[in-house]
Each structure stands twice: as C-alpha cells, then as structure tokens.
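Peer 1: Quick note, the sequences are listed as chains A and B, same order. Numbered per our numbering, the first sequence spans residues 92 to 336. Numbered per our numbering, the second sequence spans residues 92 to 336.
Certain hints may be false.
Given that identical chains are not distinguished, each listed pair holds provided it fits within a single copy or across any two copies.
Claimed, not checked - Result set (DSBU-like, lysine-lysine): computed pairs, CA atoms no more than 35 Å apart in a straight line:
{"#": "1", "residue 1": "K242", "residue 2": "K134"}
{"#": "2", "residue 1": "K254", "residue 2": "K147"}
{"#": "3", "residue 1": "K147", "residue 2": "K134"}
{"#": "4", "residue 1": "K175", "residue 2": "K134"}
{"#": "5", "residue 1": "K147", "residue 2": "K242"}
{"#": "6", "residue 1": "K254", "residue 2": "K134"}
{"#": "7", "residue 1": "K175", "residue 2": "K147"}
Please keep in mind that the hints were generated in silico from the structure rather than gathered at the bench. Since the model is a prediction, treat every value here as computed from it, not as a measurement.
2 protein chains.
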Amino acid sequence: MPRSQHGKTSTATRQRILEAAEASFLEHGFDGTSLRMLTAAAKVNLAAVHYHFGGKEELFRAMLAARFDLLNRERLALLAECEKRSPGRALDCETILSALFRPCLQLARQAREQGAGVDLLRLIGRAYVDPSPVLRRFLSERYAPAAARFKEAFARALPQFPKRELSWRLHFVMGALAYTLAGTDPWKLIAAINPEESDNDALLLRRLAPFLAAGLQAPLPATEPEQATPRRLRLMKRQDEALRA
Amino acid sequence: MPRSQHGKTSTATRQRILEAAEASFLEHGFDGTSLRMLTAAAKVNLAAVHYHFGGKEELFRAMLAARFDLLNRERLALLAECEKRSPGRALDCETILSALFRPCLQLARQAREQGAGVDLLRLIGRAYVDPSPVLRRFLSERYAPAAARFKEAFARALPQFPKRELSWRLHFVMGALAYTLAGTDPWKLIAAINPEESDNDALLLRRLAPFLAAGLQAPLPATEPEQATPRRLRLMKRQDEALRA
DNA sequence: GTCTATACCACGATAGAC
DNA sequence: GTCTATCGTGGTATAGAC
C-alpha cells in the first residue's frame, strides 16, 4: 500500500482532498460524507483518496490530526505560559478555560484570514460531537495526554472536589463547548445579530466561559451523592410514580 | 403509499422493526444504520420497512416520536405541577431543571423494568446529538412548543438576564445534557463505579443539575459583551499573537 | 511515484408477483 | 401483508497508463 513521499512536487491533489474533506465533514459529518461527492468537489479521481490516504477513515484521521495537533499544542503552550506567570499558586477556572477556548478562536481567525473555505470553529465542534466510533476513538486516544494535563490544572484549581466529581464536571464542560461550537442553528442566529462583524465567535465563547466557570465551582449537592444511593433513590422513585398519577 | 391499519392482528412486524431501530440507532446513529442489518436483526424482510413506514427517514421519525412525545408530555406536566404548587412565585432553576431531567430518568427506568432492549437515557442523548439534518429538523420542529414553554419558565426564574443571554445559556444547558447522556465512554465508567446498582443514571443527573443551575445563575461578564466588541477584540488579537511568539 | 479506469459488493429505494 | 428482483449509488480494491 504505497504512500506519498512527494519526491519534489505537487502534493496539490492531497491538499485539495483534505480541503474538500473539511468542507464535507462540516456539512454532513463522517457517515454522511460520500467519497464520490468529495472527490468530485476536489476535482480529483475517486481512487486518489485511497492512493494518498488509504481509505475514508484514514483520510478523516489525517484531516483531523492536521487541525487538532496544532490546536492542542497551542492549548498546552498557553496553559504552561499562564502557569509560569503565577508560580506556586494554582490558576483559577476562568484562566484554564480560556487556555482551552482561545486557541480555538485564534486558529479559526487565522484560517479565515488565510482564506480557508471552512469555519474552523464549527469544524472543531463537529469533530467533538460526531458519533462515528472511528473519530471518537481517534480523538480520545490521540489527545488523551492533553486532556489529562488540563484535568490536572483543574484539580489544582478546585482541590475541594474529589477526582471523580471533577471528571464529570469536565465532561459537562466539554459537552457544552462541543455542542455550542457544532450547532448549526445558533450560528445562523448569531450571524443575524451581528451580520458585519466576523468576531461573533469570540462573543459566544465570552458568554460560555462564565457559565462554565460558575458550574465548575458550584458546591457539591447537600447529600453526598455517592453515599446517598441506597434508600434515597427508592424514595425518589416513589415520588416520580406519585407525580405521574 | 399504503399504511398499516392493522385490521385485526399482528402489528408484531411493525413493533419488531421499531425495537430494532432503537437498538441500531443507539449503536450507530442515523447515517450509520443500515436497513439490511436492522431488518435482519428484527427478522423481517427488507421491504417491510418501506411498507410499514415508507422509508428509513420515516421509520426513525416514528421511532423518535414514540419516545419523545411521551417524554415531553411528562416534562410539561411536571413543570405545570411545580408551578401550581407555588402560585405567583417564580420557580427556581433547580426545580425547572429537574422537570427537564426527571422524566428522562423515570421513562428510562420504566422502559428497563418492562424489559426494553435499549437504554432509553442514552437513546435520548443520541437523538439530541445526532448530526443528521433529518432528525435535527424533526426534533426542533416537533418539540419547539415544549422548548418555548421551558424557556418562559427560565425567563421568569432569571428576570435579570436579557432574552438573548438566556437563549444562549439554555443552549449550553441542552448541550451539556445531550453530550452527557449520549456519551458512551462515561457510561462504561459509571458502570465500573457502581456495577450492581441500576440507578447510576440518577446519580449522574444529580451531579449535572447543580453544575447547570450554577451556570445559569452566573453573573454577566463585567464588560457587556455585546457592546465591548469593537476595540477590545483587536487587543485580544494582539495578545493572541504575542502569546504565539 | 502519481493518477485513472473499472470492477466488486453492500446500501436505500421501488415495482410487481404472490 | 409479505417477498423477490432490480436500479442507482455508496466504499473499496486493483490493473495499468503516464
């Protein structure tokens, strides 16, 4: 199975395929993308995908790696930079969240200025929410180190929470972020609000950050949920059934 | 295009198709589901799907309607019940959130006790995050009234926020909820935590609710984001570029 | 090494036999 | 109400042109 070593010229085909893959993924997701449409849009032969990448799965992995490798490198660099500026002290949640968000904005703006055909911010969101096991496995495995690094930072910022509680809260954070970035309807709304300005996305993340920071710092529920399981839930169950009547 | 009026017997075929559709949708989503696999699992002929439902899209719409009609009816009933108990006063966020969450738990538990082959909670989550335009349009159109009803309740609970701010926060709430319910990895984790107990899902939503309630009530960012656009963002941009160096 | 043409099997959809 | 045959399109694989 030969791979491109591009002796001296013309990886143009490869590049056009990657760009078409981004555009098609943004609109239709992984399962919804057909290689025939994609290669027609890229004006390359159908088989070129298999020659350059090995197949649909590998194409999408390469496309995502090209964006997310850089994104997560920037995120980690920004986090390290923030930590270096306040040595000894733990960062606060807002700072860590902004290390998570701002590289997204930065790369998206950069891509836009370079005339990229796709909105990188929405692409990131789509990648996080796409249900295809292929992509989910790829992202969670390849970027597990970066995720662990941010988790440690949050653990220092919120030492009062047990690790498991923190895991869940981070999961909620990523969910809100991914869903927000991926949404198609909200971006139409936001465009209506601010049709001229191209920095709507910055406004959106500036709304999301305080929401998530407050959620992260919310006190634990009165009764420790991990302990309260056995009989409180039976009670809730009866309450539910009573409400139905 | 004939439809089943089931003169006297055997809507068993229709029912088996619906059950297989739930199972397959849970595992592979809409685009990832093939009717051939689905009909093989349901032990019915391929063409039976088109006879009983009219096609793949209509099958999935029917499957979702069967679950979500009931779910949203319960949600609205619970919300009305809560409002009746505290007449005049606005509900607090936790109460409204629980009107949103508890019917999910209740129906999922009920389905489990009736021996349903699928975890209804995860099914709900998958439906909320599935990227297929067919399903997204169906859900957003069919359940727009219920969404508006809850939005009104939140608006009364949080009168200090402008309507637009509230729209975004509700979007964040639904994002975190959908992503959490849909996740496959977290459910494996939770099963490891509490392998015997079948009420793990209740624990999860009891963690999510305070997170979201705190986020909903978070104060607005110091500088009004809608006004601060013009030159603050140019500053941010320079900061970003400086950080990259 | 780069790209094309073409054949292969599985997919959703549909018409018509039983 | 159920099934078979068939059509256009999906991803994949490979032989061979340049």
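Peer 1: When the hints from earlier in the document are held up against this structure, which numbers fail?
Peer 2: Violated hints (numbers, rising): 1, 2, 4, 6, 7; every other hint is consistent with the structure.
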